[in-house]
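Asks: If you want the building blocks of each chain, they are given just below.
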Amino acid sequence: MFTFDSSRHNKDQWLEDLLAAQADALIGEIEEFDPRLPSKGISPAQAGEANALLTLASHVAQNLAPIEPSAAFLDRLHDELTGNEVVTLLVRWRKLPARYRLAARLGGLTITAGLALIAAKRGINVVSSLQRREEGKADSALALKSPTSA
Amino acid sequence: MTAPNGQDYATADDSDLVARARQDQAAFGELYQRYVKKIYGYIYFRTGNHHDAEDLTARVFHRALIHIDAYVERGVPFQAWLYRIAHNLVANWHRDRNRRKVIPLDEFVAAGLRSEAPEETTESEQERERLVEAIHRLPEERQQLLILKFVDRLSNQEIGEIMDRSEGAIKSLYHRTLLALRDELTAGEQPQDGARRSTMNQRR
Numbered sequence: 001m002f003t004f005d006s007s008r009h010n011k012d013q014w015l016e017d018l019l020a021a022q023a024d025a026l027i028g029e030i031e032e033f034d035p036r037l038p039s040k041g042i043s044p045a046q047a048g049e050a051n052a053l054l055t056l057a058s059h060v061a062q063n064l065a066p067i068e069p070s071a072a073f074l075d076r077l078h079d080e081l082t083g084n085e086v087v088t089l090l091v092r093w094r095k096l097p098a099r100y101r102l103a104a105r106l107g108g109l110t111i112t113a114g115l116a117l118i119a120a121k122r123g124i125n126v127v128s129s130l131q132r133r134e135e136g137k138a139d140s141a142l143a144l145k146s147p148t149s150a
Numbered sequence: 001m002t003a004p005n006g007q008d009y010a011t012a013d014d015s016d017l018v019a020r021a022r023q024d025q026a027a028f029g030e031l032y033q034r035y036v037k038k039i040y041g042y043i044y045f046r047t048g049n050h051h052d053a054e055d056l057t058a059r060v061f062h063r064a065l066i067h068i069d070a071y072v073e074r075g076v077p078f079q080a081w082l083y084r085i086a087h088n089l090v091a092n093w094h095r096d097r098n099r100r101k102v103i104p105l106d107e108f109v110a111a112g113l114r115s116e117a118p119e120e121t122t123e124s125e126q127e128r129e130r131l132v133e134a135i136h137r138l139p140e141e142r143q144q145l146l147i148l149k150f151v152d153r154l155s156n157q158e159i160g161e162i163m164d165r166s167e168g169a170i171k172s173l174y175h176r177t178l179l180a181l182r183d184e185l186t187a188g189e190q191p192q193d194g195a196r197r198s199t200m201n202q203r204r
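For the record, the sequence lines run as chains A and W.
To convert, note that position 143 of the first sequence is 143 in the numbering used here; the numbers rise steadily by one, no gaps.
To convert, note that position 101 of the second sequence is 101 in the numbering used here; the numbers rise steadily by one, no gaps.
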């Protein structure tokens, strides 16, 4: 059964205490809750509002039920935190904050693009030098023989 | 969970476990077991889906483990410290995603239904969806209060430690939260009263 908290002084104190007591009863914090309103000093309008809020609170309690995480998640996280999990590169990667992972991905892409450009340039240079060599051979085959002096 | 010297951590209080967790991961494991479901439930209702709830829950405990040496219980019990970490991560999550804290409700509706007759299920789903939508239109601290109270089933004292308020302030906030929720549900029944809803929120 709830009791008024006389240390707090505001005009809605009785209603605040009543609602708080009901909430504790709804979550099992207290076993007994008397929903009766004070018999004196409460207008019909106040009583109506109090009853409406008590009903609403019950509705909220019914619909905000605790949610259980999956057992697999609980076990995996437990092993990570207590050092029981084999620390692989993947685990270390997963532990990084999202912005670090993004920076790492961008850095990797940049390096990859740079290496690809370097490789492409070298490849082009190799092809060009091969082409020049072939052209030189062809040119030398076409050159006129110089006449010998008599 | 047992310490290397055979001590049963299950009976140890949080302060003792925190002190031991600085050297013994098994002690931190006990703290984890005590609070992971509550933290998960809180984050789930703030984010709306299991994937983000798992990710943020993991980050809460990894962060707590990393910073446990710096944690000092000066009026902030370990549980409250965990919730504050969770609150900050959720706030960052909302900011990073540029959301108005309007959460997809499909998982809420599917997860919370109890066994009922088929003809009642649809009405229950609709009612629950209306209620959860209204809750998510409330200011962040009021959502937090309802989740801590009814999902995590915390006392007003515990809620006060998390939100850094007195028990009396929590009772007042709870009263105002119910009034605001009632207004949101009423406004939700009248879709053309957007201006009136805004005025009511300001007044509350």
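Just so you know, these hints were derived from the structure itself, not from any lab.
One should not assume that every hint holds.
Each pair of labels, with its calculated beta carbon distance range [unchecked claim]:
(1) A:T112 - W:R130: 48 to 54 Å
(2) A:T112 - W:E127: 27 to 33 Å
(3) W:E140 - A:I42: 30 to 36 Å
(4) A:N51 - W:G188: 17 to 23 Å
(5) W:D164 - A:K40: 53 to 59 Å
(6) W:P139 - A:A113: 20 to 26 Å
(7) A:L37 - W:Q23: 52 to 58 Å
(8) A:R101 - W:R74: 50 to 56 Å
(9) W:D69 - A:R36: 40 to 46 Å
(10) A:A103 - W:E123: 45 to 51 Å
Some chain W residues near chain A, calculated using beta-carbon distances under 10 Å [stated by the list, open to error]:
(11) D13
(12) Y32
(13) R95
(14) D96
Ideal Cβ placement from N, Cα and C applies to all residues, glycine included.
Asks: Honestly, do A:T112 and W:R130 meet the 48 to 54 Å range at C-beta?
Replies: Holds, at about 51 Å.
Asks: So, as I understand it, the hint says W:R95 touches chain A; can you test that by seeing if any CB pair is closer than 10 Å?
Replies: This hint is violated: W:R95 lies away from chain A, its Cβ roughly 13 Å from the closest one there, beyond 10 Å.
Asks: Looking only at beta-carbon atoms, does the pair A:A103, W:E123 fall within the given range of 45 to 51 Å?
Replies: 50 Å, holds
Asks: Starting from the range 20 to 26 Å, see whether the pair W:P139 and A:A113 falls in it by beta-carbon distance.
Replies: Hint violated: Cβ distance 46 Å, outside 20 to 26 Å.
Asks: Is the distance from the Cβ of W:E140 to the Cβ of A:I42 consistent with 30 to 36 Å?
Replies: For A:I42 against W:E140, whose Cβ atoms are near 33 Å apart, the range 30 to 36 Å holds.
Asks: Is the distance from the Cβ of A:L37 to the Cβ of W:Q23 consistent with 52 to 58 Å?
Replies: 55 Å, holds
Asks: With chain A as the partner, please determine if W:D13 meets the hint condition of a C-beta pair closer than 10 Å.
Replies: Nearest chain A Cβ about 20 Å off; hint violated.
Asks: Looking only at beta-carbon atoms, does the pair W:D69, A:R36 fall within the given range of 40 to 46 Å?
Replies: 52 Å, violated
Asks: Tell me if the beta carbons of A:R101 and W:R74 are separated by a distance inside 50 to 56 Å.
Replies: Given a distance of about 34 Å, which is not inside 50 to 56 Å, the answer is violated.
Asks: Using the beta carbons of W:D164 and A:K40, state whether their distance is inside 53 to 59 Å or not.
Replies: 36 Å, violated
Asks: Given W:Y32 was flagged as interface, is its beta-carbon under 10 Å from a beta-carbon of chain A?
Replies: Holds: closest Cβ of chain A sits about 6 Å from W:Y32, inside 10 Å.
Asks: Hint says 27 to 33 Å; check whether the CB-CB distance for A:T112 and W:E127 agrees.
Replies: 54 Å, violated
In the structure shown, a violation is registered for the earlier hints numbered 2, 5, 6, 8, 9, 11 and 13, in ascending order.
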